[in-house]
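Enquirer: Protein sequences, first through last, are from chains A and B. For the first sequence, my numbering gives the first residue as 5, with consecutive numbering after it. For the second sequence, my numbering gives the first residue as 325, with consecutive numbering after it.
Be careful, since some hints might not be right.
[Stated by the list, open to error] These stretches of chain B come out as covered by chain A in the derived footprint (C-beta under 8 Å, 3 or more residues): (1) 372-380; (2) 395-406; (3) 485-499; (4) 513-519.
[Unchecked claim] Quick list of simulated restraints, FRET-style, between CB atoms: (5) Arg22/A x Ala372/B: 34 to 42 Å; (6) Gly154/A x Glu373/B: 41 to 49 Å; (7) Ala225/A x Asp619/B: 34 to 42 Å.
[Unchecked claim] Which stretches of chain B does chain A cover? Using the computed rule of at least three CB atoms under 8 Å from a CB of chain A, they are: (8) 351-359; (9) 463-469; (10) 541-548; (11) 577-591; (12) 623-630; (13) 635-648.
Since the hints were made in silico from the structure, they are not lab data. Please read all numbers here as calculations on a predicted model, not as lab measurements. Glycine included, C-beta positions come from ideal geometry on N, C-alpha and C.
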Amino acid sequence: MNITVCIKRTPDTETRVRIAEDGVSIDSGGVKYIVSPYDEFAVEAALRMRDAAGEGAVTVVTLGEASAAEQLRSALAMGADKALLLEGQAGMDGLATARALATEIQGHDAPLVLFGVKAADDDAQQVGPMVATLLERPCVTAVGEFELNGTTARCHREVEGGTEVVDVDLPAVLTITKGAFEPRYASLKGIMAAKRKPLEQKAADVPASRVTLEALELPPARPDGRIVGEGPEAAAELVRLLREEAKVL
Amino acid sequence: MGDVLAFAEQRDGVVRGVTHEVVSAGAGLAQSLGGECHALAVGGDGLAEAVSGLGGAGAARVKVAAHGSLAGYAAEAYARIVADTARDGGYAAVLFPATAVGKDLAPRVAALLDVPLASDATEVSADGGAVVVKRPVYAGKAFARLRMEASPAVVSLRPNVFPVEERGAAGAVETVAVDVDPSSWGARVVEFRSAAAGSLDVSEASVVVAGGRGMKDPEHWTLLEALRDALGADVAALGASRAVVDAGWRPHGEQVGQTGKTVSPKLYVAVGISGAIQHLAGMRTSGTIVAVNKDPDAPIFGVADYGIVGDLFEVVPRLTDEVRALKSGA
Ligand SMILES: Cc1cc2nc3c(=O)[nH]c(=O)nc-3n(C[C@H](O)[C@H](O)[C@H](O)COP(=O)(O)OP(=O)(O)OC[C@H]3O[C@@H](n4cnc5c(N)ncnc54)[C@H](O)[C@@H]3O)c2cc1C
Ligand SMILES: Nc1ncnc2c1ncn2[C@@H]1O[C@H](COP(=O)(O)O)[C@@H](O)[C@H]1O
């Protein structure tokens, strides 16, 4: 079975965010870029399903600037078979991104399309279910684990207070969260092989954004905290402060 | 034409607390837009009874779409019903709670309506008739101010952030006709496995007691459970750092941070957690932060309002005793 995985190039989670002079972007100086962590789970899931089936190809797709080819190569090094770079701008309008991806994926012969549950930059948690809705395919979000049973997939979905077990008919869209699919490290052999794997590049068809990013701001600094004391003797004073000053008890 | 539709989430026929936040925020937004806030509840039979109190939070009308097959969350049907109601009512904005259901539902509704979505907003307001939203990005390391250029503006709201104001709107209950065919659904919930019975989810709790690698052993969590119980098991939940989730000491559902849950409780108590940037990302918008750590230079003290430097195995039991004494009025 062929599987398509959508991945995004995002800043490393270690990044200390600084706002650039334009006030609407981050200062990219010194920022390291990675495959968004949840997307790595999705790639891992796809590789395992392909290998268990013993047939099919895993295609990774990204919408982004030319530099995002680097993240496609990382996924190829993990073991994906081919990659596609849709060159264009992915901004704050997730539906515009979803449309561009849906237009592409529509033509893929892939009964399973995987996304990360959310991208590590915009944290929007929306592109996967939007693509599914546009393609009129069923979708299960926040899947930590799933197995394929012929024409359906049984998914374990994380919700407040427990796990929902959901059966979904293929073709389907799943968004993957942390769970059973701990991503493998690319081997040296994988990295070498990735250089020879096909990486296609074409212009993306992204509709105009209908969300204007007016400003990017740092979170308000937290008021200076204080060390109440050392050791267990400080507990009583802490409880008093929580009650009388912070008023949370 | 400045009406706002608020999705009223229920579980097992009971309106969830966060719904009052969404309706209240919706009423505030509707007021600035010159319209009314209407709540829409989707669920099983007998729902009308459960939602009739939403007038108090500011719903001028409460629309109820009830059907036996909709008692549990059914994504495809719910999305259609909300999108149809939003379209028919000509709403200026559609609000959801950013819960597991809301995060799954809002993008589908936005796609059906062909409008963008702003998720997990911490502020929403009207500016010259347009809806403007503030929402965290980069896991809370920054905030984006977005102007929604399409109508309706679809927005999900972060739980525990928006205050519930008593408004006493009419809250007249209306029935929405539904036409559902479960046999056409591509996805079906076959089972629900609840986490430890009665335990509250970390993303919903107003108090979080979180443990990190400093706890040394999963068995020591009885210390944190005791503190949680003292603070009130009905409002308090356990959280965890990724280090202890990766070690298999705690379930992933408890992980707080960039690759876990983002939480904003009134009180967050970090025990034996160093305060790595990815952890801070998930909890730095909490109301009051308390840290217990033996290392005075631990970065967690940089965001904590109150810190105790010391051995958690001595501090936590004492803290639990003090909280118990306070609660029992001693
Ligand atoms: C892509 C990526 C995503 C990540 N996402 C997350 C995430 O979502 N959430 C998250 O939490 N982390 C995340 N991390 C991991 C993060 O970088 C840290 O490794 C992790 O948060 C550390 O957990 P910790 O604070 O429990 O452990 P440590 O850093 O080992 O800290 C343990 C602390 O306990 C204290 N301590 C030890 N003994 C005692 C004692 N007896 N009494 C009092 N204090 C004591 C120590 O002083 C220390 O400060 C992520 C990392 C990456 C690379
Ligand atoms: N520009 C993009 N290119 C490819 N996939 C994307 C892009 N943006 C988002 N995605 C996918 O959609 C998921 C959710 O992203 P978001 O809705 O932005 O949080 C990500 O984890 C990716 O799988």
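Enquirer: Count the residues of the region 395-406 of chain B whose Cβ falls closer than 8 Å to any Cβ of chain A, and tell me whether that reaches three.
Expert: Holds, because 3 residues of the region 395-406 of chain B bring their Cβ atoms closer than 8 Å to Cβ atoms of chain A.
Enquirer: Tell me if the beta carbons of Gly154/A and Glu373/B are separated by a distance inside 41 to 49 Å.
Expert: holds, 43 Å
Enquirer: Please count how many residues of the region 541-548 of chain B have a CB within 8 Å of a CB from chain A and say whether that reaches 3.
Expert: Result for this restraint: violated, n = 0.
Enquirer: Residue count check for the region 635-648 of chain B against chain A: does it reach three with CB-CB under 8 Å?
Expert: holds (count 9)
Enquirer: Under 8 Å between beta-carbons, do enough residues of the region 623-630 of chain B, three at least, approach chain A for the coverage claim to hold?
Expert: It holds, with 6 qualifying residues against the three required.
Enquirer: Verify the coverage statement for the region 351-359 of chain B against chain A, using a C-beta to C-beta distance below 8 Å and requiring 3 or more qualifying residues.
Expert: As far as the region 351-359 of chain B goes, the hint is violated, because 0 residues have Cβ atoms under 8 Å from chain A.
Enquirer: Take a look at whether the Cβ-Cβ distance between Arg22/A and Ala372/B falls inside 34 to 42 Å.
Expert: violated, 52 Å
Enquirer: Holds or violated: the region 577-591 of chain B covered by chain A, criterion of 3 or more residues with Cβ-Cβ distance under 8 Å?
Expert: holds (count 8)
Enquirer: Test coverage of the region 485-499 of chain B by chain A using CB-CB distances below 8 Å; three residues minimum.
Expert: violated (count 0)
Enquirer: For the region 463-469 of chain B, do three or more residues have a beta carbon lying closer than 8 Å to a beta carbon of chain A?
Expert: holds (count 7)
Enquirer: Can you tell me if the region 372-380 of chain B counts as covered by chain A, using C-beta to C-beta distances under 8 Å and a minimum of three residues?
Expert: violated (count 0)
Enquirer: Establish whether the coverage given for the region 513-519 of chain B by chain A is satisfied; the threshold is a Cβ-Cβ distance below 8 Å, and no fewer than three residues must meet it.
Expert: With 7 residues close enough to chain A, the hint holds.
Violated hints for the displayed structure, listed by number in ascending order: 1, 3, 5, 7, 8 and 10.
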